[in-house]
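Chemist: What follows is each chain in one-letter form.
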Amino acid sequence: MTGAAGTPALEVEGLCKSFRAVRALDHVALSLHYGRVTALLGDNGAGKSTLVKCISGVYAPDAGVVKVDGTVQAVASPEAARSLGIETVHQTLAVIDPLDVVENLFLNREHTRGGRFGAWLGVLDKKRMRAESGEILGRLDIRIPSLRRSMSALSGGQRQAVAIGRAAAWGQQIVLLDEPAAALGVEQAARVLDLIRSLRDAGVAVLLITHNMDRVTEVCDRAVVLRQGRKTAEVDVGEVTKDDLVAYITGARTGGPDT
Amino acid sequence: MTDDSAAAGRMLPGVHQWLARRRQDAGLRQYVVYAAAVFIFALFAVILRDDGFLTASNLLNIGRQAAPIAVMAVGMTFALAAAEIDLSVGAVTALSSLVAAEAVGSYGFVAGAAVAVAVGAGIGLVNGVIAVKVRIPSFLVTLGMLGIVSGIARNMNNLQSLPIRNDTFLAIFGAGSVGPISSLLIWTVVVGVIGHFVLHQLRWGRHVLSVGADRSAAGALGINTDRIRITALMTSAAAASFAGVLLAGRLAIGRHDLGENLLLTVIAAVVIGGTNLFGGRASVAGAIAGSVVMAMLNNGLILMGLRVADQLIARGVIIILAVALSMREQKET
Ligand SMILES: Nc1ncnc2c1ncn2[C@@H]1O[C@H](COP(=O)(O)OP(=O)(O)OP(=O)(O)O)[C@@H](O)[C@H]1O
Ligand SMILES: [Mg+2]
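Note that the protein sequences, when read in sequence, are chains A and E.
Residue numbers are given in my numbering: position 192 of the first sequence equals residue 1221, and the series is strictly consecutive.
Residue numbers are given in my numbering: position 274 of the second sequence equals residue 276, and the series is strictly consecutive.
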């Protein structure tokens, strides 16, 4: 486990993103460390999802840099982000309804068969993907009635579980979770927290967006607060109370040791 | 009919459960088109039995009519699966029959077919690039392309048909047969099998479906949605031009209007076959079954003795009805 003192897994500096007149992100800085869980907090419309989308290559930021392992990277596309080891669970989940669970887990990361020619053609190795899907979900303790079900036949929580499973399966370095437990029942939500802990223990740098302060105090090491596109606070979770966090989010208070 | 099936459901709980399960899997609608094919066949076999519907030559004729529709439908399936639409297919088919006729005369049968399909793929590429990069909905781009391509086809040989005298070409792409099986049927099966394999077993096929189902989600997973949409439109145009090769082979000519009026027929065939008009769900086998349905309907209308004008009206009504019914079925599940 690399400590907070080591090179950050991911660093963002001076990130700006506007949608016409709306300044969704205004010079935001953030760093994620291996083996640490960082909470990204803020009210609705604070810019949290926008920040995640800029890091994961969905949006091109207007200004600012993204560094992975200390090196400046142009995260020009979601594929670029994924190949840098950045996996994301978007707020909208990004699961494909007509495809089944296996296909969703492996989408754009498919195994092929038939050697080089098969790989060139993209002949799917469905058997292997099905077997590995069973392993992935089993390891993460995610229970889905049938891997062959299309996503549209799953409950909201199950869909969310698949999306998280996909990020956890492929996210070797950095995992960004945008409200990963929003649609989950008590038991499933607890399982997501376990999953986040096991990612952390495996040395993954995790960013967790949530509106639930209990989850912040349970699994997060640090918390970054956004308000109207600006970072208003960055604190060690161990040094503040839930009420402090809420005060930062609502703007009743700003600051924190690092800002 | 509803009463019947409900009664059957009460009598046969097993069947009822099976139906319910298929419905739950959103799978039942896949079979509607096959039931429709059987129903229409049986209907025409009865009401048109004195008009020669069931004669071997008429059935063969239906098969020959269905072949180019089916080939175009398989291509269109990919365009629709990607949530695009290709309205230029009929025009591309016609142009390609002329291109094939021209190229066969100069370079032989292989080049004849290859050049025609390449021209089609090229038109699809232009459609795709404009739709994706200039951000114009594909129905508008391909509608414009329909006009352009029809015009080019009309200029190409001054509205005259261009005879094809290459016997190998005609045997392979039209009149020939392997044993008792017409080469047109073989091509249809080949295109269908390839299409089905591509849709279900190749990464590209699943990506086409993903982009059609939810473009932004597919993009967020790193799929190059531009490339997928462009290649889906290329596929539909290339298939349409191969249909042009088959029409040219069957009729031994290239002409500016061969297959030109098939656009609506093809869309209807694909949609009643279970493909969603707005992307995300596709069936190649259904498209082929839908093509057979449409060919039977065309044939039946002719055998009923309808005048050409009335055939047009009847076909239009049938297409709207068929699509409306299949969309209702799709929405239910
Ligand atoms: N694609 C877009 N086009 C225009 N404006 C956008 C777009 N995406 C986000 N915004 C705006 O940017 C601001 C930040 O939105 P964002 O989705 O990042 O908020 P958030 O912090 O994730 O909120 P929530 O907690 O509700 O998910 C909002 O004012 C929003 O309206
Ligand atoms: Mg959000």
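Incorrect hints may have been included.
With beta-carbon atoms standing in for the labels, derived distance ranges [unchecked claim]:
(1) A/H1240 x E/A120: 54 to 64 Å
(2) A/F1146 x E/L323: 25 to 35 Å
(3) E/D228 x A/R1145: 18 to 28 Å
(4) A/R1138 x E/R156: 40 to 50 Å
Here are some chain A residues the structure puts well away from chain E; computed CB gaps all over 10 Å [unchecked claim]:
(5) T1036
(6) V1041
(7) D1072
(8) S1085
(9) S1106
(10) A1109
(11) A1110
(12) R1159
(13) E1161
(14) D1170
(15) R1244
(16) V1269
(17) T1283
Everything labelled a hint here was simulated from the structure, so no lab data went into it.
Built from N, CA and C at the ideal position, the CB exists for glycine as well.
Chemist: For each hint, tell me whether it holds in the structure or not.
Modeler: Against the structure, the hints:
The supplied range of 54 to 64 Å is met by A/H1240 and E/A120, whose beta-carbon atoms lie about 56 Å from each other. About 46 Å separates the C-beta atoms of A/F1146 and E/L323, a value inconsistent with the hinted range of 25 to 35 Å. At roughly 26 Å, the beta carbons of E/D228 and A/R1145 sit within the given window of 18 to 28 Å. Hint check: A/R1138 to E/R156, Cβ distance near 49 Å, so the stated range 40 to 50 Å holds.
Residue placement check: A/T1036 keeps its beta carbon more than 10 Å from all beta carbons of chain E (closest about 25 Å). Remark: the non-interface label on A/V1041 is consistent with the geometry, its nearest Cβ contact in chain E lying 19 Å away (cut-off 10 Å). Taking the minimum C-beta to C-beta distance to chain E, about 24 Å, the non-interface status of A/D1072 holds against the 10 Å cut. The claim that A/S1085 is not at the interface with chain E is violated, since a C-beta of that chain comes within 10 Å of its own (minimum 7 Å).
Taking the minimum C-beta to C-beta distance to chain E, about 7 Å, the non-interface status of A/S1106 is violated against the 10 Å cut. A beta-carbon of chain E comes within 10 Å of the beta-carbon of A/A1109; the shortest separation is about 8 Å. Non-interface call for A/A1110 relative to chain E: violated, since the shortest CB-CB distance, roughly 8 Å, does not exceed 10 Å. Distance check on A/R1159: its Cβ is at least 14 Å (rounded) from any Cβ of chain E, clearing the 10 Å threshold; non-interface status holds.
Listed as a non-interface residue, A/E1161 keeps its Cβ farther than 10 Å from every Cβ of chain E; the least gap is roughly 16 Å. Against chain E, the non-interface label of A/D1170 holds: every CB pair exceeds 10 Å, the least being about 24 Å. Against the 10 Å criterion, A/R1244 stays outside the reach of chain E, whose nearest CB is about 23 Å from its own CB. Even its closest Cβ contact with chain E, about 33 Å, leaves A/V1269 beyond 10 Å, as expected for a residue assigned away from the interface.
Residue placement check: A/T1283 keeps its beta carbon more than 10 Å from all beta carbons of chain E (closest about 32 Å).
Taken one by one, the earlier hints fail for this structure at numbers 2, 8, 9, 10 and 11, listed in ascending order.
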